[in-house]
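Colleague: Line by line, the protein sequences give chains A and B.
Residue numbering for the first sequence follows our numbering, beginning at 1 and increasing consecutively.
Residue numbering for the second sequence follows our numbering, beginning at 1 and increasing consecutively.
FYI, nobody ran anything at the bench for these hints, they're computed from the structure.
Even for Gly, the Cβ is constructed at its ideal location relative to N, Cα and C.
Hints may be right or wrong, so weigh each one.
The calculated label-pair distances, taken between Cβ atoms and stated as ranges, are [to be verified]:
| id | chain 1 | residue 1 | chain 2 | residue 2 | range |
| --- | --- | --- | --- | --- | --- |
| 1 | A | LYS165 | B | LYS41 | 48 to 54 Å |
| 2 | A | PRO57 | B | GLU85 | 26 to 32 Å |
| 3 | A | GLU191 | B | SER19 | 47 to 53 Å |
| 4 | B | SER19 | A | ARG228 | 50 to 56 Å |
| 5 | A | ASP211 | B | GLY154 | 43 to 49 Å |
| 6 | B | GLY154 | A | ASP227 | 30 to 36 Å |
| 7 | A | GLU53 | B | ARG268 | 57 to 63 Å |
| 8 | B | PRO129 | A | ARG228 | 46 to 52 Å |
| 9 | A | ARG50 | B | ASP29 | 38 to 44 Å |
| 10 | A | ARG228 | B | LYS41 | 57 to 63 Å |
| 11 | B | GLU15 | A | GLU53 | 52 to 58 Å |
| 12 | B | GLY178 | A | GLU191 | 50 to 56 Å |
| 13 | B | SER19 | A | GLU53 | 46 to 52 Å |
With a cut-off of at most 35 Å between alpha-carbon atoms, the simulated DSBU-like pairs for lysine-lysine come out as follows [what the hints assert, rightly or not]:
| id | chain 1 | residue 1 | chain 2 | residue 2 |
| --- | --- | --- | --- | --- |
| 14 | B | LYS208 | B | LYS3 |
| 15 | A | LYS213 | A | LYS136 |
| 16 | B | LYS42 | A | LYS165 |
| 17 | B | LYS208 | A | LYS226 |
| 18 | A | LYS132 | B | LYS295 |
| 19 | A | LYS136 | A | LYS235 |
| 20 | B | LYS41 | B | LYS176 |
| 21 | A | LYS226 | B | LYS41 |
| 22 | A | LYS135 | B | LYS41 |
| 23 | B | LYS164 | A | LYS132 |
| 24 | B | LYS41 | A | LYS136 |
| 25 | B | LYS42 | B | LYS295 |
Here are some of the chain B residues that sit facing chain A, going by a computed Cβ distance under 8 Å [to be verified]:
| id | residue |
| --- | --- |
| 26 | ALA55 |
| 27 | THR86 |
| 28 | CYS90 |
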Amino acid sequence: MSVDELKTLARGLRVDIVRMIEAAGSGHPGGSLSVVDILAALYTRVLRHRPEEPGWPERDRFLLSKGHACPALYAVLAHCGYFPKEKLSTLRRLDSPLQGHPDRLRLPGVEASTGSLGLGLSIGIGMALAAKLDKKGFHTWCVLGDGEMQEGQVWEAAMAAPQLKLGNLSMIADLNGGQIDGPVAEVMDLEPLSDKLKAFRWDVRVIDGHDFKQILDALEWAAAAKDRPAAILAKTVKGKGVSFMEGVIDWHGKAPNKDEADRAVREIESA
Amino acid sequence: MPKATRQAFGEALAELAASRPQVVVLDADLSKSTMTSLFGKKFPERRFQFGIAEANMIGAAAGLALCGKVPVVSSFACFLVGRLETIRVCAAYNRTNVKLVGTHAGLGIGDDGASQMGLEDLGALRSLPNLSILQPADELETRQMTEWMLDHDGPVYLRLTRQKTADVHGPDYRFKLGAADTVYEPPPGAPLQATLFASGGTVGEAVKAARALMDRGFRARAVNCGSLVPFDEEAVVRAAQDSARLVTLEDHHVNGGLGSAVCEAAARRACAVPVLRLGATEFGESGTAEELYEKRGLSWSHAAEACLRNLA
Chain A
1 MSVDELKTLA RGLRVDIVRM IEAAGSGHPG GSLSVVDILA ALYTRVLRHR PEEPGWPERD
61 RFLLSKGHAC PALYAVLAHC GYFPKEKLST LRRLDSPLQG HPDRLRLPGV EASTGSLGLG
121 LSIGIGMALA AKLDKKGFHT WCVLGDGEMQ EGQVWEAAMA APQLKLGNLS MIADLNGGQI
181 DGPVAEVMDL EPLSDKLKAF RWDVRVIDGH DFKQILDALE WAAAAKDRPA AILAKTVKGK
241 GVSFMEGVID WHGKAPNKDE ADRAVREIES A
Chain B
1 MPKATRQAFG EALAELAASR PQVVVLDADL SKSTMTSLFG KKFPERRFQF GIAEANMIGA
61 AAGLALCGKV PVVSSFACFL VGRLETIRVC AAYNRTNVKL VGTHAGLGIG DDGASQMGLE
121 DLGALRSLPN LSILQPADEL ETRQMTEWML DHDGPVYLRL TRQKTADVHG PDYRFKLGAA
181 DTVYEPPPGA PLQATLFASG GTVGEAVKAA RALMDRGFRA RAVNCGSLVP FDEEAVVRAA
241 QDSARLVTLE DHHVNGGLGS AVCEAAARRA CAVPVLRLGA TEFGESGTAE ELYEKRGLSW
301 SHAAEACLRN LA
């Protein structure tokens, strides 16, 4: 898939995200729209996986530690063929496999149930260790949010992954700069994040998380890492692609009404 | 021979892992205390050190389990349950095949004092769906539970003692999930003054209490509840039918553990029987295990007294 094709795909995924959250009447558009370009590139260009065989043992593992951004994951999984696209409109409904936060036991393709923040990187460490033990070549990817990185367990994991020499584990931080109570820098600043992770012995690369060329280069770089885990710090815009949502904290966890969703979709499609 | 259940676990694990290549062990700087060091010496390539960072260790265990491994994580009971959120999501909610082993349960650890005594772990963990909870009384039961735990597909919490516990089972004993077993039964005769329910470090005390009562002409049964989740409700119903009272004896807070499990069973099955719960009601303190069991009302003599206490 070329960069132009990725851009087209991402527009479609953004429409899916807006429409499914509108239909659900609740959900997290801001962080879904900030991470969706990364997921689109990862799932279509980098991840070795078989949608028709979600349990394929050799598959690369993907963990959405910031589980509230699952509308983006669901849109990508549907695009890849893990389930019919019509299911997207059942988000957050009773008995739907598309739970408010990802549930691995209800939706094939979800590697781990997440939503309680700060846990995913630890799970990724276990998966990467298992790969090493079994001498398997799969890579484990974990997407974290920047607000999420305030959790202490993230730093326990950040300390452990280089010690365990997990070159087959990569972290992608979706740095959209916002969290529920305000800007991350005001709530609890993470900076200098790159220096922190380097001090924890990670290989670090900072990119524009909406520039597909940079995303693809970074994913390739991380996948090729050998003895140390790689961290991709992706600077993103919360609510990216919908002007009235971009950078507006209020859209962290609010559903658009019909009118707002229509406006958002028109904007995305004409971009 | 009296043996600490953590010791029996460590020996069994190192032995059973030989024929179970999927078993891996994760440590948080306490392997010499939880006795997983015995496994580590034998299978260094399957043992991972996580440092004093239990939450990450539990999360990593979930990841290993999701890739087909059988990860055993251990620490003191209080330090494991202190990472309840990680246990809740990574082990229970994800229903991963993680084996959580909490050693140094309760007042029985003695000298180290209150901050190291797990007295609330059962209360917290019993409310998690999908999680089986076991507490062996002696070496034989520990070995059998360890084997069951490794072969069972699903998250398990195994609660172990620092101190040595007396053998309460004969060689024919076979652990069965969800089943309590009688470790002392008075000879047939008149109805019983009491049935004593105990688990883990207090089972030996319960047996001693029942024997001492018999010597004085009083009749009490001692029941070992090794399987706390699932719990043997029928054992409570049967005891309520032939005993004037039920007495629970546990090295845990009286709320949330064995005493609660017995009361829940009695209430659910409408058993009209008084239940006296002996266990911790405050944080612990330093002292020997024996001194603490005596001071906090967990010794056999307290249990025997409770069996005869005027309930009016």
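Colleague: Each hint should be assessed against the structure and marked as holding or not.
Modeller: Hints, verified against the model:
1. A/LYS165 - B/LYS41: 48 to 54 Å: violated (22 Å)
2. A/PRO57 - B/GLU85: 26 to 32 Å: Cβ of A/PRO57 to Cβ of B/GLU85: about 30 Å, so the range 26 to 32 Å holds.
3. A/GLU191 - B/SER19: 47 to 53 Å: holds (51 Å)
4. B/SER19 - A/ARG228: 50 to 56 Å: Violated, at about 35 Å.
5. A/ASP211 - B/GLY154: 43 to 49 Å: holds (44 Å)
6. B/GLY154 - A/ASP227: 30 to 36 Å: With a Cβ separation near 35 Å, B/GLY154 and A/ASP227 satisfy 30 to 36 Å, so the hint holds.
7. A/GLU53 - B/ARG268: 57 to 63 Å: Because 44 Å falls outside the window, the suggested range is violated.
8. B/PRO129 - A/ARG228: 46 to 52 Å: Violated - the Cβ-Cβ distance for B/PRO129 and A/ARG228, about 38 Å, lies outside 46 to 52 Å.
9. A/ARG50 - B/ASP29: 38 to 44 Å: For B/ASP29 against A/ARG50, whose Cβ atoms are near 40 Å apart, the range 38 to 44 Å holds.
10. A/ARG228 - B/LYS41: 57 to 63 Å: The hinted range 57 to 63 Å is violated for A/ARG228 and B/LYS41, with Cβ atoms some 29 Å apart.
11. B/GLU15 - A/GLU53: 52 to 58 Å: violated (37 Å)
12. B/GLY178 - A/GLU191: 50 to 56 Å: About 53 Å separates the Cβ atoms of B/GLY178 and A/GLU191, which means 50 to 56 Å holds.
13. B/SER19 - A/GLU53: 46 to 52 Å: The hint (46 to 52 Å, Cβ to Cβ) is violated, given that B/SER19 and A/GLU53 are roughly 30 Å apart.
14. B/LYS208 - B/LYS3: holds (17 Å)
15. A/LYS213 - A/LYS136: holds (29 Å)
16. B/LYS42 - A/LYS165: Distance ~22 Å between B/LYS42 and A/LYS165 Cα, so the pair holds.
17. B/LYS208 - A/LYS226: violated (61 Å)
18. A/LYS132 - B/LYS295: violated (51 Å)
19. A/LYS136 - A/LYS235: It holds: about 32 Å lies between the C-alpha atoms, which stays within 35 Å.
20. B/LYS41 - B/LYS176: holds (31 Å)
21. A/LYS226 - B/LYS41: holds (28 Å)
22. A/LYS135 - B/LYS41: holds (22 Å)
23. B/LYS164 - A/LYS132: Roughly 38 Å separates the two Cα atoms, so the pair is violated.
24. B/LYS41 - A/LYS136: holds (25 Å)
25. B/LYS42 - B/LYS295: violated (41 Å)
26. ALA55: holds (4 Å)
27. THR86: holds (6 Å)
28. CYS90: holds (6 Å)
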